[in-house]
Amino acid sequence: MAETIRLTIDGRVVEVEKGISVIEAARKAGVMPPHYCYHAGLSVAGNCRMCLVEIEKMPKLFTSCTTQAAEGMVVFTGNDKVKKGVAGVEEFLLANHPLDCPICDQAGECRLQEYSFKHGNAGSRFREHRMNFKKDVEVGPHVVLDSERCIMCTRCVRFSDEVTKTGELGVFQRGLHNEIGIFPGRPLDNAYSGNVVDICPVGALTLKEFRFTKRVWFIRDVPSVCGACATGCNVNLGTSENRIYRLTPRENQKVNGWWMCDEGRLSYRQPMETPRVAGPEARAGSSVAAIRLPDAAARIADRLKAEGSHRAAVVASANLTVEDLWLVRRLASEAIPSLRVVVPERVRGEDDGFLIRADRTANRKGAALIGFGIDEGGASTRSLLADAASGKLTTLLVLGEDLATLPDSGAALEALEKSGGLMIVGPFAGAAMAASAAVRIPAAAYGEFEGTYVNFKGRAQRVRRGITPGAAALSCWQILSLIVERLGVKAAYASAAEVLRDLAASVPAFRGVSWTALGASGLHLGSGAQPGAGFIEGESPAPRGLPGKEGVAHG
Amino acid sequence: MSERPAGTGGLTVFPSDPARIPGFVQGSIALRGPAAPEGITPDPGRPLSAESLMEIDRAIANYPDRRSALLPALWVAQREQGFVGTKPMEEIAGKIGVSPAFVAGVVSFYTMYHTKPVGNHLIQVCTTLSCYLRGADRMVEHLRKKLGVEVGGTTADGKFTLITVECLGSCGTAPMLQLNDDYHENLDPIEKVDALLASLK
Amino acid sequence: MLEKLLLRNVGVPGSTSLAVYEQRGGYQSLRKALNLPPESIAEEVKKSGLRGRGGAGFPTGLKWSFMPKDSPKPRYLVVNADESEPGTFKDRLLMEADPHLCLEGFLISAHAIRAKKVFVYIRGEFVKSYRVLHGAIEEARAKGYVGKRILGTDAEIEIILHRGAGAYICGEETALMESLEGKRGYPRLKPPFPAVSGLYGCPTTINNVETLANVPFIVERGADWYLKIGREKNSGPKLYCLSGHLKKPGVYEAPLGVDLMTLVNEMGGGLWRGDRKLKAIIPGGASSPVLTADECRDVPMDFDSLAARKTMLGSAGVMVLDDSVCMVRALERILRFFAHESCGQCTPCRVGSSWIHSIVKRVEAGAGQAGDCETLLDVCDNMIGKTICVFADAAALPAMSFINKFRGEFDDHIRQRRCALPEKA
Chain A
913 MAETIRLTID GRVVEVEKGI SVIEAARKAG VMPPHYCYHA GLSVAGNCRM
963 CLVEIEKMPK LFTSCTTQAA EGMVVFTGND KVKKGVAGVE EFLLANHPLD
1013 CPICDQAGEC RLQEYSFKHG NAGSRFREHR MNFKKDVEVG PHVVLDSERC
1063 IMCTRCVRFS DEVTKTGELG VFQRGLHNEI GIFPGRPLDN AYSGNVVDIC
1113 PVGALTLKEF RFTKRVWFIR DVPSVCGACA TGCNVNLGTS ENRIYRLTPR
1163 ENQKVNGWWM CDEGRLSYRQ PMETPRVAGP EARAGSSVAA IRLPDAAARI
1213 ADRLKAEGSH RAAVVASANL TVEDLWLVRR LASEAIPSLR VVVPERVRGE
1263 DDGFLIRADR TANRKGAALI GFGIDEGGAS TRSLLADAAS GKLTTLLVLG
1313 EDLATLPDSG AALEALEKSG GLMIVGPFAG AAMAASAAVR IPAAAYGEFE
1363 GTYVNFKGRA QRVRRGITPG AAALSCWQIL SLIVERLGVK AAYASAAEVL
1413 RDLAASVPAF RGVSWTALGA SGLHLGSGAQ PGAGFIEGES PAPRGLPGKE
1463 GVAHG
Chain B
554 MSERPAGTGG LTVFPSDPAR IPGFVQGSIA LRGPAAPEGI TPDPGRPLSA
604 ESLMEIDRAI ANYPDRRSAL LPALWVAQRE QGFVGTKPME EIAGKIGVSP
654 AFVAGVVSFY TMYHTKPVGN HLIQVCTTLS CYLRGADRMV EHLRKKLGVE
704 VGGTTADGKF TLITVECLGS CGTAPMLQLN DDYHENLDPI EKVDALLASL
754 K
Chain C
223 MLEKLLLRNV GVPGSTSLAV YEQRGGYQSL RKALNLPPES IAEEVKKSGL
273 RGRGGAGFPT GLKWSFMPKD SPKPRYLVVN ADESEPGTFK DRLLMEADPH
323 LCLEGFLISA HAIRAKKVFV YIRGEFVKSY RVLHGAIEEA RAKGYVGKRI
373 LGTDAEIEII LHRGAGAYIC GEETALMESL EGKRGYPRLK PPFPAVSGLY
423 GCPTTINNVE TLANVPFIVE RGADWYLKIG REKNSGPKLY CLSGHLKKPG
473 VYEAPLGVDL MTLVNEMGGG LWRGDRKLKA IIPGGASSPV LTADECRDVP
523 MDFDSLAARK TMLGSAGVMV LDDSVCMVRA LERILRFFAH ESCGQCTPCR
573 VGSSWIHSIV KRVEAGAGQA GDCETLLDVC DNMIGKTICV FADAAALPAM
623 SFINKFRGEF DDHIRQRRCA LPEKA
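For the record, the sequence lines run as chains A, B and C. Just so we're aligned: 1312 in my numbering is position 400 of the first sequence, and the numbers increase by one with no gaps anywhere. Just so we're aligned: 554 in my numbering is position 1 of the second sequence, and the numbers increase by one with no gaps anywhere. Just so we're aligned: 344 in my numbering is position 122 of the third sequence, and the numbers increase by one with no gaps anywhere.
Hints listed in this document are in silico derivations from the structure and should not be mistaken for laboratory results.
Computed Cβ-Cβ distance ranges for the label pairs, DEER-style:
(1) B:Arg-632 - C:Val-242: 26 to 34 Å
(2) C:Ala-515 - B:Pro-597: 51 to 59 Å
(3) C:Ala-642 - B:Arg-691: 15 to 23 Å
(4) A:Phe-1124 - C:Thr-597: 32 to 40 Å
Straight-line distance between alpha carbons at most 25 Å, and here's what the computed BS3-like set of lysine-lysine pairs gives:
(5) A:Lys-996 - C:Lys-412
(6) C:Lys-412 - A:Lys-993
(7) A:Lys-1461 - C:Lys-405
(8) C:Lys-412 - A:Lys-972
(9) B:Lys-754 - C:Lys-350
(10) A:Lys-969 - C:Lys-532
(11) C:Lys-469 - B:Lys-745
(12) A:Lys-930 - C:Lys-412
(13) A:Lys-972 - C:Lys-532
(14) C:Lys-501 - C:Lys-470
(15) B:Lys-745 - C:Lys-350
(16) B:Lys-640 - A:Lys-1077
(17) B:Lys-745 - C:Lys-470
(18) C:Lys-370 - C:Lys-254
(19) A:Lys-995 - C:Lys-412
(20) C:Lys-339 - B:Lys-648
(21) A:Lys-969 - A:Lys-940
(22) C:Lys-254 - C:Lys-365
(23) B:Lys-712 - C:Lys-350
(24) A:Lys-1077 - B:Lys-648
(25) C:Lys-499 - C:Lys-469
(26) B:Lys-640 - C:Lys-405
(27) A:Lys-969 - C:Lys-412
(28) B:Lys-640 - A:Lys-1461
(29) C:Lys-532 - A:Lys-993
(30) C:Lys-295 - A:Lys-1461
(31) A:Lys-1077 - C:Lys-405
(32) C:Lys-254 - C:Lys-269
(33) A:Lys-1461 - A:Lys-1077
(34) C:Lys-405 - B:Lys-648
(35) C:Lys-339 - C:Lys-370
(36) B:Lys-648 - A:Lys-1461
(37) A:Lys-930 - A:Lys-969
(38) A:Lys-972 - A:Lys-940
(39) C:Lys-339 - C:Lys-405
Computed from a predicted structure; not experimentally measured. C-beta atoms are modelled at their ideal positions from N, C-alpha and C, and glycine is treated no differently.
So that you can see chain A by itself, here it is in the shape it has in the complex (with noise of 0.2 Å):
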């Protein structure tokens, strides 16, 4: 337990720990002040001067950030001399700032509209000519930078320092002539380039995906994570008229810090480049046919009862939720008992020692602790790859992977399609290898359903549904239940809180999980003793960043 000291801001006495900032003292106290440059994330430059402060028997103002809270100090953040004080920052910051809100993307959730509203002055004095720099220049493959909306407040120059420790972002120039670039034919195109779009407090630095898209008033944020790789991390779908415009990262200092990978973070397109199909079908002879969904659920279940557990398998995708996954375990432990299961490894590149995981699922954890073996290496789907190449296995259900990315899968999909066993449940149910399918029922792709993931460390964590598109509404789970019981066994859950319900009861190391035990944040899993789930080491804190020595150049 920390040395804490109490102070007083604005009257109210709180106990905070000792060595931290006025500003962080003040946030606890629920008063924090205007600011811009200041970052939890980020080391302190105190330039901006926005977040002054008065303190009892000081003549001068201070700024929050870079003060030390020291014990019985008093503090006033919103008297007149500090309204003034702080007036006069926000004047000058406005005085070269052009007048582009109309045009600018961050409107909306801009710092500078909020505190010109909440602590500037009503008109403007600024009779000069303003600053012009150019407003439309791609300092990297996803980040545009407009200088003459720039405040200096350097927190993506820091990012680029001391998060990514690529260097890339640099200040240009003296005085009011100082602007934010790039050394000539050096991007900014790290993996993570796009956090600093997050972090501007205002409209210079903006994501090139989401330029001009939408207005951030009419998104609506859902809490959710991403599914991209293992790691999970935290973010916000914003929604709007049922379409994903962006995905934001979410704080959650168990997980990913304050930040995301770019990959992740426009992972949300991938849904809407990939052809969906617009319900289920089933192949008679050359032609394709639209069929019922209680039908298609039923020749799947037909299917695998006549071929049995020797001549089907099923491949189950480690991004399906521990809901789909559970649904899984009950067909093949109780409808088809001892039905193969192969969840493939997806793997690329090697963990980068931030964010980024080589392990590209999302739920290979939860896989493994429902009770499927991960399959290292490839070589289970090799094997049975080459079973169904061989035809050794006449019947496959393919539950959200799209088999013909697999490697050497192509014999296996011209065995399958002659013997009229592929069977294909997911949100790839429009790809290429769909033409070779006997049935294929689509289903609800990343922003488009309810369930949990568990990331690498073992946090269990909500993914949200943020878009609910046409047809293809359902989920994994709630079409293999449909199968499991027109197998005779009794799967019918209401909602996919039930399913974890059901799962928690029966799987140890979810004991005690449930959607409000879950919360916005997780629950690590190894937390609470889990009989069963000693193998969850202890959870780590998110990384500050990628490894290595700051600011260095890359390459």
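Using the hints, position chains B and C against chain A.
Frame of chain A; chains B and C shown alone:
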């Protein structure tokens, strides 16, 4: 604004190729300086000579921390090539152990580092208060007409670059100017300026 | 005080050579100092009342006493030779004409604060100073005054010359350290103070060239002797830089507290043109508030007297303005300097310096509007005391003094939309 492609029922489709979004300017920030006009791509310069690299190594040895050798290294580069190009900036960045953007940021902060070649004779006229009181503006005007360049410009034959600078610490001998490394003081009456120019032919 | 001290070698043929310097008594103080315990030298300097000659006038002995008694980290003396305050040119004279006096001051002071390394930060434009000092250091090294085992003692002091590259803000001590460390010259947040965490995070003292040039004399003749020169709490000889509308501009040595008009008329020769009258004097470099001609009577030129008159001695850059000067245009020139030199790190200074310059430029050009003066004064008020360093104060306080003391000229410009004075001849 992204256009609404036909055939999407009026929905805005996210361009998967961001380069198709109109209005983006490819590129980076031009490095400006007293002799580098706005908006022009920085000059790459040449790779540093072996002697220069050795001199930089000697500079690094003077300091407990390598980065302190950055300003000395930039002086070495400028002495060799007359200005600091982006190629030497990258080399120096590697030697010092910082990013090229950091080096470029340092170069652009200090007025004496040029990012483009300057004339053989860099004429730096002080125009701050004391020199102003003793006729600096008139001297600048005289030089402008005599050389036929604007302030900040270089003569066509590449011989002279004329710039104005802030206080050179020679207020007692105003008006004055710095020609490359050397101070030329007490330049009143104006004939002294002419004599100086004549001596440089 | 009739005897020249700081300027005693200036003008003497061969004054830059070690031989001449020693012939005239140089390096005796160093000899003496190296055989004294460092703390005693620091104590003597403290007693002498020597105050910083760079602009702030902070008591030097007190600054030295901030260095920690025990610290495992290396200790540094940094010499601020970044002289860039408009109106100031004394350090340059010392370095070019009497480099060994400077070196002796550096060496004794380093010994006093137990520093083994001295970094001399010379502004980039002072190429001659750099070359002369470089030559002097080599001479001194050859004679064993610099390096290891100085004069046969255990003392080990190395001097490294470091050139700046054109930035006034690097004269601010923390910006100087940033520049020395190879970065953009952005002043640091304080605390921590340099004596605790300075260069490379180690205990560091930064002193001005002229300040250190006083030290050999204090060691040679003692604090009591030094205290007799000047006035109470403002002791010692001072180099005054006279420039502007004078007959004899230049550097003059006088005891601290010399009368301003004595300085201007007797030493500076008075106004350069008989048909002009005195209008104003800026007493301590461009950062100091201006004095009207009336206010220039009976002004002792020392730190405290000028502070009492709401201005400052600063770097003792005395700039004399006659009645041909348009004060609006003069202020524009001063503010243009500050707008160019602002480092841009923090908001009030980055925007404010340029804003007040733009206002005055506009007024000067005849495009001023009613309310401009009030706006300017309020903008200055918003700059002062809210920034990381005092650059903003250095720009704002003189601006306010011009407006307050010469308000009529500004109002005339705004009303008549032109300058009432004839174009400068």
